[in-house]
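Asks: Respectively, the protein sequence lines represent chains S and Z. The first sequence maps to residues 1 to 314 in the numbering used here. The second sequence maps to residues 1 to 353 in the numbering used here.
It should be emphasised that the hints constitute simulated quantities derived from the structure, not laboratory data. Just so you know, not all the hints are guaranteed correct.
What the hints assert, rightly or not - Below are the BS3-like pairs computed for lysine-lysine, each with C-alpha atoms no more than 27 Å apart in a straight line: (1) S:Lys282 - S:Lys265; (2) S:Lys301 - Z:Lys315; (3) S:Lys172 - Z:Lys160; (4) Z:Lys160 - Z:Lys100; (5) S:Lys306 - Z:Lys160; (6) Z:Lys315 - S:Lys282; (7) Z:Lys262 - S:Lys239; (8) S:Lys282 - S:Lys306; (9) Z:Lys35 - S:Lys2; (10) S:Lys301 - S:Lys282.
Said to hold, decoys possible - Reference excerpt, derived from the structure (chain S facing chain Z, CB under 10 Å, subset only): (11) Ala28; (12) Ser213; (13) Leu290.
Keep in mind it's a predicted model, so treat the numbers as computed, not measured. We put the beta carbon where it would ideally sit given N, CA and C, even for glycine.
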Amino acid sequence: MKNITYIVLGLVAVLLVTTRTAFVVDQAEQAIIVQLGEPVGDVITAPGLHWRLPFIQNVRRFDKRLLDWDGDVSQIPTLGREFIIVDTTARWRITDPLQFLRSVRDEAGARTRLDDVLDSAARDVVSGTELEEIVRSADWQVDVSRLSVEDAAALEEADLQRPKKGRGQLEKDILATAVQQMPNIGIEIVDVRIKRINYIESVRGQVESRMISERQSIAARFRSEGEGRSQEILGNMEKELRRISSEAERRAQEIIGAADAQATKIFGEAYGRDPAFYAFSKTLESYSTLGENTTLMIDAKSDFFKYLESTSGR
Amino acid sequence: MSDARDLIDQILKRRPRGPRTITPGRNEGPTFEPKTFFGVLAALLVVWAAWTSVYTVQPEERAVIKRLGRVTGIADPGLHFKLPFGIDTAQFVATERVLKQEFGFRTASSETPRSQFAGGYPDESLMLTGDLNIIQVEWVVQYQISDAVQFLYGMREPTKTLRDLSESVMRRVVGNRIGSDVLTVGRIEIANTARDEIQEAMARYDNGIRVIAVQLQDVVPPPRVQPAFNEVNEARQELERMVNDATRQANEAIPRADGTAKRTISEAEGYATERVNRARGEAARFSAVLTEYRTVPEVTRARLYLEALTNVLPKIGSVVVVQDGQLSPLPLLNLRDAQRLPQKAPEKTPVKP
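One chain only, chain Z, in its complex shape (with noise of 0.2 Å):
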């Protein structure tokens, strides 16, 4: 018995009793009283239990509660109390929070809101069309833990299943679309194909994973490739305008040509009313005269030739009257032109052979 209780000395470093003596005070200096020793560790022991007995659920979370390693139950928010010592132990599982997963890009906390080239993250963003070609595609998937007991006790690794089947899902379903289509019109339904086949996977797995959104964020041709494609656009806007200048400018040139062609036609028009007014004009006038002829032709005939003459001879440059049987005719205007030639010789008469 004494060989124990030496044992228990050396343990708890107590200095060899000697006899048993009752020893009151502190004439020995500091003196080790089994009651002090253990009260304080009573009262460690007190504080530690009330330390793991007591805990809390935050609003966004859920606790999964396990005594001895089996789960009992899950705790709402608020304070809740449990068996102390790690009997019982608390995990806590953020289930009201919405989770996102980033794919092709990473978030920089607060600066810039993301990447601006799909450029980040080549090996999860890269993948191949179903016309292959190559294709750089950024994600988000946004998701919940649904069942909180599944999610830690399902899968050992549930988040990075979800990882792996988004790239996976996300693969197959732009593997399966021409590369044109993922780039305009196809987003949406590739977002929606995605979200339920990764949710059909994580349901089938059984780990307590519920996606609630796949959102495309940038969708484009790998950067070195990028500059072709903005090529294609340019040209198209160019194959517009081309057409456009071209009817444009058929567009003004026939209204103008209609124009000049309906003027054309009034001149002629104008022309033709003209020539048949002066016709008619013309015709009444010989008509009228021709009527008057008539009651009196050889009047008229003399007269008129001889109005006619007196107007056109001193119009005329020279008169020249010949005479038959004389070989050179007389000048009948010669003084005339004596008038108007001044400088000229005054004697100076053409002579006609």
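Isolated chain S, as found in the complex (with noise of 0.2 Å):
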């Protein structure tokens, strides 16, 4: 029993000496012993299990793997005095450790870094820029066959053509100025990038508005243009009326000319053979017109009267 008890508390002994002397480093991590303040060997990199002397030996502990970096939304005026939010973020790891515990000790010390030079990078950069620079890529490219007539319209001149740099290059500038302001703490920055750029709160309206007049210039357009076309077609449509009516007429008036002038031929070539008789007989035909309300006043000589006193007529 008493052994029992003594190989217990020898086990117990044992385990109490390996926790202040065994150290796990895990897959994440990369350590570096600090001994009475000062950093002792290379840093361990490798997974597992390390010793340590005790009591006058420390771990220190730092990640190993890509951390992420989110930067504060800030309102930065571009070169053309627009303003704007932008929101950057950041790529890092720490590849130094020594150098890191040495200039910032721990994380919260290199994130204010990060934050002062990224920030002021992003900020230098685009208020150096125009907004169009931010916004689009180098290989912008307007296909404007793609585009409706209306929307092709509203485009100006200075959009059809290349950005400068554009925005995958800008993301490379704000990278290479903080890299380059960065003091060497034992990191490394792997990328920044802009996450969102937006209008700050106050010109968002205004260029809603302009977005609603440049629609409703657009629709105002529309409606012109239906008008015209309408009344183009039925102007066209008068036209075409007019044109058929009248040559309608023209050709039933030469129709009737035409007949006209052969009737006047029949009756000339039938009534010339002896005009006399024809006009004998016409005019014959014509006393039928008078009626009632003629009063006719005819000489007793008239040789309707011939036979009337005498039958030798005279």
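Hints given; two lone chains; assemble the complex.
Replies: Put into structure tokens, the structure is as follows:
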């Protein structure tokens, strides 16, 4: 019994000692052994079980993985004096834990430096660039044929040009500026991206109003085009109607004229054989127009009365 | 040695032992047997060991096994054993599921499929187009964890990085296009380009995420501007309607006019035929009469004259015969007048100077 107790006590002691000398470095970590405030030895990057001296040596751990940095949303004026909200993110890594430990001690310190450097780098680059350059990329290309007519009309000359740098290059510029300005604290900034760009609240209203009036003028143009084209169609219709009816008239008159001419010719040929007889018989026919309303004054010597008084006729 | 034992006594909270006596049985109440204690302890240890040495990996998962902090392998679905007491640890990663991240909106789990307007998360959804207009975009990124170890140990926050990069890429792609292109025909291209670029970034960071697809949901102008966009559509339709109305009117009127024209011409032709035929008829009749006349001209002449007058005179209202040398004419058809106008005076005679 005594032996069991001592065995157990021995195990406990071993355990206590082990916790003071053995330490586990996780897959995600890299570690430095610090002795009395000063680092000793190389950086331990291999995960697993490692050893240290108890009490006088401690372990400082640092993340080995790629880390995130998210900037504050800041208002920055562009070169063209347009105030925009820019939200940047970056990826960074602790590459030299020794240097890291010496200069900033821990991540909080690193983040402070990153905030300063990256925010100012972003501000520098953005304020020296036009908004179009920030929004568009280097391969900006307007395919006018894909746009509707009214949208193509809304474009300006400047819109069709490629930006000098474009978004991608600007992000690289921010990275380069930041890397240059970042003191050596044992980290590597891997990349910087612009996560969000927007107009500030007060400008947003103006831009929306501009969009509204743009659309309204397009709508008005449609309506007036509709008016114009329908008037044109109706005008052409009128013209065509006039042409049809006047040509028909003309044709009809020609036909009638030809008929009249032919009739006249027929009459002429017939009556021309004996104009005197024609005059005689026609005049006789015309006497039938004398009707009730007529008062006829006739000479007693006329042929009609020839035999009234004698059979031999005067 | 006894100090040590006293210390241990204190630690173990046993009552201090007096002279060593064997105390079998229960005469002194509950006794503390080291054997029992350690037996219980050992039993607990065994249970704990059993508990921490078995693990199950679900079908949609894999388990990353670490021994003292170092990754030693990946476990497939099923029941597995590992070293107990936390010497080996298992981290479960859902590698077989297709995961998604939503931007500009969130799916309420069981109710409506998704928000109706892109108004839920304006910070995520508002962005600028290449022509510097504002637009709202909702989209979904579907991804899978393709490398469990890298997912856990490549980046500290792979999912957050996916979100950040998705927003950055989407804004770059949308910002490289004209607003109306984004709203209409560019959607598929935008989704494909975004997927490729986000995937490229994930590969560069080596964070074990594989992007499967990017799907655009609502892509609309900001709410305040939307009525104006609708107005454009309405105006375009109105244009079509006006043009169609005018065309229809023209298409009705012109054939009608053609018909009228044809009728006018036909009527003229009808008149022409009639006139010519009548002329021919009259001419023929005249010619016939003329031929007969030529044979006996005087007789024919007298006959025609008398026939005509016979027909004409009865119809005439009043006939006045004038004789040479007379100042007033003699009314020939006085009686007829009297017959015709009984109410008038019988001796009424028209006097003509």
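Asks: For each hint, tell me whether it holds in the structure or not.
Replies: Each hint, compared with the structure:
1. Distance restraint check for S:Lys282 and S:Lys265: the Cα-Cα separation of roughly 17 Å lies within the 27 Å cut-off, and the hinted pair is therefore satisfied.
2. This hinted pair checks out: S:Lys301 and Z:Lys315 have alpha carbons roughly 21 Å apart, not beyond 27 Å.
3. For the suggested pair S:Lys172 and Z:Lys160, the alpha carbons sit about 21 Å apart, so the restraint of at most 27 Å is met.
4. For the given pair, Z:Lys160 sits about 12 Å from Z:Lys100 by alpha-carbon distance, which is consistent with the 27 Å threshold.
5. For the hint pairing S:Lys306 with Z:Lys160, the CA-to-CA distance comes to about 138 Å; that exceeds 27 Å, so the pair is violated.
6. The hinted pair formed by Z:Lys315 and S:Lys282 meets the criterion: a straight-line CA distance of about 19 Å does not exceed 27 Å.
7. Of the pairs offered as hints, the one joining Z:Lys262 and S:Lys239 holds, with about 18 Å between alpha carbons and a cut-off of 27 Å not exceeded.
8. Taking the CA atoms of S:Lys282 and S:Lys306, the gap is near 22 Å; set against the 27 Å cutoff, the hint holds.
9. This hinted pair checks out: Z:Lys35 and S:Lys2 have alpha carbons roughly 10 Å apart, not beyond 27 Å.
10. At most 27 Å may separate the alpha-carbon atoms for a hinted pair to count; S:Lys301 and S:Lys282 meet this at roughly 22 Å.
11. Using the Cβ-Cβ criterion of 10 Å, the hint placing S:Ala28 at the interface with chain Z is satisfied: the shortest such distance is roughly 5 Å.
12. Because the smallest distance between the Cβ of S:Ser213 and any Cβ of chain Z comes to about 8 Å, under 10 Å, the interface hint for this residue holds.
13. Satisfaction of the interface hint for S:Leu290 is found here, the shortest Cβ-Cβ separation to chain Z being roughly 5 Å, below the 10 Å cut-off.
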